[in-house]
Amino acid sequence: MAVVSDASNLLACRQIISACNQAYGWQLDAFTYEYYVHALTPLITAVPPERQSMVVLHYHLDHRMVAALRDAHHPAHHETWVKWSQQVLGVLRRAGIDWSRDGSLELDDLAQIARGDLAQALPSYRYQSRFLSWAYSVVVRSAHRYVRMSHAQRRSAPSVSLDLLTTTRSGEALAVSHEETTYARLLAARVQAVLAAHTDQRLLPIFRLWALEERTSAEIGSLVNLHESRVRALLKLARTVLRNDPVIRQWYAAGDEQQAAS
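The numbers in UniProt numbering rise by one with no breaks, and the one at position 170 of the sequence shown is 170.
Honestly, the hints are just simulated from the structure, not real lab data. This structure is a prediction, so every number in the text was calculated from the model and none was measured.
Restricting the straight-line Cα-Cα distance to at most 20 Å, the calculated cross-link-like pairs of lysine to aspartate or glutamate (EDC-like) are:
{"id": "1", "residue 1": "K236", "residue 2": "E219"}
{"id": "2", "residue 1": "K83", "residue 2": "D71"}
{"id": "3", "residue 1": "K83", "residue 2": "D109"}
{"id": "4", "residue 1": "K83", "residue 2": "D62"}
{"id": "5", "residue 1": "K236", "residue 2": "D200"}
{"id": "6", "residue 1": "K83", "residue 2": "D117"}
Label pairs and their in silico Cβ distance ranges:
{"id": "7", "residue 1": "R51", "residue 2": "G90", "range": "23 to 31 Å"}
{"id": "8", "residue 1": "Q128", "residue 2": "E79", "range": "23 to 31 Å"}
{"id": "9", "residue 1": "Y24", "residue 2": "H74", "range": "23 to 31 Å"}
{"id": "10", "residue 1": "A121", "residue 2": "M54", "range": "17 to 25 Å"}
{"id": "11", "residue 1": "E79", "residue 2": "T32", "range": "19 to 27 Å"}
{"id": "12", "residue 1": "R190", "residue 2": "R126", "range": "37 to 45 Å"}
{"id": "13", "residue 1": "E50", "residue 2": "R202", "range": "26 to 34 Å"}
{"id": "14", "residue 1": "H227", "residue 2": "V82", "range": "29 to 37 Å"}
{"id": "15", "residue 1": "Q128", "residue 2": "V37", "range": "16 to 24 Å"}
{"id": "16", "residue 1": "R64", "residue 2": "L223", "range": "28 to 36 Å"}
Ideal Cβ positions, reconstructed from N, Cα and C, are used throughout, including at glycine.
Given the sequences, and given the hints that come with them, work out the whole structure.
The following block contains the structure:
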């Protein structure tokens, strides 16, 4: 049965590659065609039939770059990683990872950690989306985790990060004192009140998805039916509104004074 199944999967893969080759005018030579069949058969059998052609298309567009990133002995490995290092910085800036007044989180540090996580995650990439979209999600999630951990380690009572207002993504409660929990709840209530009072009622739910659920702009966009560029613009507006709120500004000022006194 396994032999029949393998032969059936190979035949199905050949048919999909042939269809894509003809539809997109790739003009694959015989060697490249067989290479595609060998590489893509295990990938497309892991997805529903309606998604298989997209996996083939993503593979055709991105497999050379992915191969260079994965293989340390690839002649283009170093050059490709240099380009991607620059892209990681751009992803972090566009995502607005650290919106707060905390200057101890350097963008270069976040980028270095995100690059490391991206390298570790590379073997799990299966071409079910474009590599850029997949890598964007990995980089943003990595930076969010680092920001959250850094804030947790250095958190003082009145200066609780908005990323840490409730629970972690896994649902585990944060290990904080009763006083810290009280401050966090007060700050969370103020954040909700400020954004809920804004004329654009989309700010609060979008900010909560970003700050508390660690959703990417693309994920939020799919949830609220907005383009991710519009989601990023609304997140930027929400962060500006919060930074300009006098109560929140006093809150952080008090935290700075306490840290200076200690």
